[in-house]
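*Asks:* Chains as they are written, first to last, in this note's numbering: chain A, 1276 to 1580; chain B, 74 to 167.
Honestly, the hints are just simulated from the structure, not real lab data.
Incorrect hints may have been included.
Pair ranges (Cβ atoms, derived) [to be verified]:
1. SER134(B) with ILE1423(A): 15 to 23 angstroms
2. GLY1416(A) with ARG118(B): 20 to 28 angstroms
3. GLU1288(A) with THR116(B): 24 to 32 angstroms
4. ASP1493(A) with GLU141(B): 35 to 43 angstroms
5. ILE105(B) with LYS1427(A): 26 to 34 angstroms
6. PRO1331(A) with HIS95(B): 24 to 32 angstroms
7. TRP125(B) with LYS1520(A): 52 to 60 angstroms
Under 10 angstroms between C-beta atoms, here's a sample of chain A residues computed to sit facing chain B [stated by the list, open to error]:
8. TRP1296
9. GLN1344
10. ALA1347
11. TYR1352
12. TYR1354
13. ALA1356
14. LYS1568
15. ALA1570
Using N, Cα and C, we set each Cβ at its ideal position, and we do this for glycine too.
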Amino acid sequence: MNEKNFQEKIEKEQKIEPKDWMPDGYRNHLIRQMSQHAHSEVIGMQPEGNWITRAPSLRAKMILLAKVQDEAGHGLYLYSACETLGISREELVQQLHDEKAKYSSIFNYPTLTWADMGAIGWLVDGAAIVNQVSLQRTSYGPYSRAMIKICKEESFHQRQGYEIMAEMAKGTAEQKAMAQDALNRFWWPSIMMFGPQDSESPRSGNAMKWKIKRQTNDELRQNFIDKTVGQAEVIGLTIPDPDLKWNEERGHYDFGEMDWDEFWNVVNGNGPCNQQRLDHHKKAHEDGAWVRKAAREYAKKNTIN
Amino acid sequence: MTEKATVWEVFIQTKNGLAHKHVGNVHAADKIMALENARDLYTRRNEGSCIWVVKSSEIISSESEDSEAFFDPSNDKMYRHPTFYTMPDGAKHI
Ligand SMILES: [Fe+2]
Ligand SMILES: [Fe+2]
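Extracted from the complex, chain B is given alone in its bound form (with noise of 0.2 angstroms):
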């Protein structure tokens, strides 16, 4: 078996302003290539103004399994959303 390539995940910034999305990933011997690579198959129709790649070992991610007990502490604090709060009859702009 051949020695197994390195995997870039691909984030693109589709217009300047906006936030990188990620899109998928790419197969590159090194970041130059990776940039390269991403570039020729993910912005064939003008889709990036802007790419970052990062090798997916460096990505961590939380575990779907857990992700109840992980993501609990945000579920009991409604009062961190603006619909918590009454406001005054004729208040406006607020």
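The following block holds chain A by itself, in its conformation from the complex (with noise of 0.2 angstroms):
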């Protein structure tokens, strides 16, 4: 009976809230995807901010400080989103250091050039908005609103990018090569964030079901591919796949295969960075550890909590 009215609020395209019955799959994947989510948001910061004290200008320094903190906050609203399901953020983090929980490969490659700062704000984030724009149609409530007020500060994101990008590839030859270089580096690694291909996608069954997702890995790849063509062609960069081509017939790009045993590999844990990012998040959590104690101690001494 329970599940039967759930389903039926799911198909009527009703919210899920915190206190509604809800299947344990449904809480689980939830929970699995959110914090993966989060976490995402998270260690994406390390990759960025390896820049912020050596951005070519103080305009560029303020506006990669300004982004890097938008991705903190992008990960707070989503650890608050999960919590609503009846898990701790304390367990959420400890999930994290004990690799019970994931977060986006493309974080585990290196910030090489100031120019990966131009192709992870145009392609990384760019990705990250076509994912997180169909999730604000999530059926849980709480994603769904983390997901509307996400998408609102991410534009900005892809936007300082593109614009990096943009000024690179019409500098010197020097710049423009390092320009086509961060895009040679992340363009496979952003098409893959989407996930393994829908025939080899087990999990996606009751997502779609349950319409936690609402459109397939395949889907939200083609989308994004399909936005991003044209805005290399407008800088004079070149995506580095040579089956890229319009196909007329299906109104979409066609592309090139995606190397997944590279794929499986780096989200195994065997990626360049996955050791190093993994370790900074520890000790910055141990590092904080007194400042926690302190404020709550600070808290029982006091009148004012």
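With the hints as a guide, dock the two chains, each given alone in a separate frame, to form the complex.
*Replies:* This is the structure:
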């Protein structure tokens, strides 16, 4: 009966709220997906944080700082939303540290040059936007509301990245080469952010039935590629895929094979920066322990709590 | 496991004259920190003119399972709506 009511609500496009009955599978799927999303926002600050002190101008530095701060905010919105499912933030962070929870593999690639700040904003935030716009319609109320708030903040992220790429692409030959190199390194990992192809994605069945996911990995990926090809052309950069071409019949771009061995290798912990990202998070968390403790003690001693 | 932080619900008044609206929550040890965290998290783009924070544990919510019975008393009182009344033809500004 509960299960039937639940599914009827979903079919009617009504949101499920924290106190509503939900199947365990739905709750667990959401905890896994939302915590992975939250951890991605937080870990995602590291590759960009790497360039804050070396930004080429004060303007660039202020923008990057604000962008990274937004990502911290996104992580917090998502942790809050995830906590409504009955799991604490402390447990979520512990799962990350114990490697029971994952984060997006894209953040396990290093940021080698300033152009990578451009490529990340343009492509990584661009891909995240396509995913997050779709998730605004997710069936779980708190997740949907977090996505709406996040999407409002994201378009600045993508535009600042694209602006960096456009500037470099019309700069010196060396600057243009740097922009092209960043595009070459980030293109394939970015389109793999949407996850395995639909034919290989074992969990998407229930996620679609429960309307947690509203579009499949392949639909979202195609949407991103279709949007991005023209943007690369406008700034005179070349997407590193010789098979990329417009398919009149499908009304979409065709594109080449993705290297799934590399994808799974990075997912399974063997990317260039997996260890570094996790170690840094643990260290920052441990280094902050005394601050959390001091704040609690202070609150206990003062009547202002 | 570390000691859990207190969760505070955050309400923001976006403009003078409007009602405060729930936007989410923050973790904080005390009310000052809760206000400051709420400011940093929810008003990075001038979204607020005033913030309220209240401990989540102090919020009392109705149960969605019995929302039908709970809200039942208002269902059959159509005469509370202006459209219930028949106005004579030609009456204006009412
Ligand atoms: Fe984000
Ligand atoms: Fe972003």
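*Asks:* Could you run down the list of hints and mark each one as holding or not?
*Replies:* The hints, checked one at a time:
Taking 15 to 23 angstroms as the suggested C-beta distance range, the pair SER134(B) and ILE1423(A) conforms, at roughly 22 angstroms. In this structure the hint that GLY1416(A) and ARG118(B) lie 20 to 28 angstroms apart at CB holds, the actual value being about 23 angstroms. Judged by the Cβ atoms, the range 24 to 32 angstroms given for GLU1288(A) and THR116(B) holds: they are separated by roughly 31 angstroms. Taken as a hint, the range 35 to 43 angstroms holds for the pair ASP1493(A) and GLU141(B), whose Cβ atoms sit roughly 41 angstroms apart.
Distance hint check: the CB atoms of ILE105(B) and LYS1427(A) are about 28 angstroms apart, consistent with the given range 26 to 34 angstroms. Between PRO1331(A) and HIS95(B), the C-beta spacing of about 41 angstroms breaks the proposed range 24 to 32 angstroms. At about 56 angstroms, the CB distance of TRP125(B) to LYS1520(A) agrees with the hint of 52 to 60 angstroms. At its closest, the beta carbon of TRP1296(A) sits 7 angstroms from a beta carbon of chain B; the interface hint therefore holds under the 10 angstroms criterion.
This hint holds: GLN1344(A) has a C-beta 7 angstroms from the nearest C-beta of chain B, less than the 10 angstroms allowed. The beta carbon of ALA1347(A) comes within 9 angstroms of a beta carbon in chain B, closer than 10 angstroms, and the hint placing it at the interface holds. Restraint check, TYR1352(A) versus chain B: the minimum CB separation of about 6 angstroms is within 10 angstroms; hint holds. With its C-beta approaching chain B no nearer than about 9 angstroms, TYR1354(A) sits inside the 10 angstroms limit, and its interface hint holds.
Because the smallest distance between the Cβ of ALA1356(A) and any Cβ of chain B comes to about 8 angstroms, under 10 angstroms, the interface hint for this residue holds. For LYS1568(A), the interface hint holds, since its Cβ comes within 10 angstroms of a Cβ in chain B; the closest pair sits about 8 angstroms apart. Residue-level restraint check for ALA1570(A) holds (minimum Cβ-Cβ distance to chain B is 4 angstroms; threshold 10 angstroms).
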